[in-house]
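**Student:** Using the sequences provided together with the hints, build the complete structure.
For the sequence shown, numbering that gives the first Met the number 0 gives the first residue as 0, with consecutive numbering after it.
Simulated from the structure, these hints should not be mistaken for laboratory data. These numbers were taken from a predicted model, which means no experiment stands behind them. C-beta: ideal position from N, C-alpha, C; glycine also. Keep in mind that a hint or two might mislead.
What the hints assert, rightly or not - Quick list of simulated restraints, FRET-style, between CB atoms: (1) I275 - W252: 32 to 38 Å; (2) I55 - R77: 30 to 36 Å; (3) S47 - D249: 39 to 45 Å; (4) F40 - A279: 23 to 29 Å; (5) P42 - P79: 53 to 59 Å.
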Amino acid sequence: MEGKEEDVNVGANKFPERQPIGTAAQTEGKDYKEPPPAPFFEPGELKSWSFYRAGIAEFIAAFLFLYVTVLTVLGVKRAPNMCASVGIQGIAWAFGGMIFALVYCTAGISGGHINPAVTFGLFLARKLSLTRTVFYIVMQCLGAICGAGVVKGFQPGPYQANGGGANLVAHGYTKGSGLGAEIIGTFVLVYTVFSATDAKRSARDSHVPILAPLPIGFAVFLVHLATIPITGTGINPARSLGAAIIYNKDHAWGDHWIFWVGPFIGAALAALYHQIVIRAIPFKSKT
Numbered sequence: 000m001e002g003k004e005e006d007v008n009v010g011a012n013k014f015p016e017r018q019p020i021g022t023a024a025q026t027e028g029k030d031y032k033e034p035p036p037a038p039f040f041e042p043g044e045l046k047s048w049s050f051y052r053a054g055i056a057e058f059i060a061a062f063l064f065l066y067v068t069v070l071t072v073l074g075v076k077r078a079p080n081m082c083a084s085v086g087i088q089g090i091a092w093a094f095g096g097m098i099f100a101l102v103y104c105t106a107g108i109s110g111g112h113i114n115p116a117v118t119f120g121l122f123l124a125r126k127l128s129l130t131r132t133v134f135y136i137v138m139q140c141l142g143a144i145c146g147a148g149v150v151k152g153f154q155p156g157p158y159q160a161n162g163g164g165a166n167l168v169a170h171g172y173t174k175g176s177g178l179g180a181e182i183i184g185t186f187v188l189v190y191t192v193f194s195a196t197d198a199k200r201s202a203r204d205s206h207v208p209i210l211a212p213l214p215i216g217f218a219v220f221l222v223h224l225a226t227i228p229i230t231g232t233g234i235n236p237a238r239s240l241g242a243a244i245i246y247n248k249d250h251a252w253g254d255h256w257i258f259w260v261g262p263f264i265g266a267a268l269a270a271l272y273h274q275i276v277i278r279a280i281p282f283k284s285k286t
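**Tutor:** As structure tokens, this is what we get:
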């Protein structure tokens, strides 16, 4: 019986590369060590296959994310009424469910970001180098464009007639309201990412990194329920960019800045809140 607890601890920490969303908690027993910050610029990554493999994983994840979610949005808009489709709740589940599945699939390869705002927040927290941050964001955007493009290729008429899944500030709401919704919604998402993948919690509770995709996906679901009526819910600049480029109508581009500025502000606030207030990392003695 005494050996079982040791076996569990070894098993939980046997594969440190599976730590999701950029955290890399290296633990020995129950001792906790703060992981060192990532270098600001790491050109050596450009020579590593794992670097490009991670970018490809982000591309494919963003591609699948846009493909499934935009198809869901179009299905709801094409229905004669909400009762004849999955409705807003179904759209929210599609976005949240896809994030849950894709984070689970890609966490051990790229960290499972699938969102430039998440990548940016982790960069500010020194979880990623600038090299990897820029590469991830480019691959996420390209994947999102391709995902929306495939949906349009399958059904070009319905795609254009039903808005192409592009994010807009709804009638009756101001641009300020839309910006606020994007900031707060992204804050909820990125704060959940930091909390679900916190290295300290991973060191204390072995189940935390395993369950991380679930609260992240659930946060996306809840934010969509709240903000679909306001902006269609962006909280992911790659998702907004991909749909806007393929839909390519003036009214979609008129509000597009909101879906970059809002998520980046929300991600920055979440990173600062978690690192300074929750973890108080700047105030810890460096020993």
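**Student:** Looking at the structure, which of the earlier hints fail to hold?
**Tutor:** none
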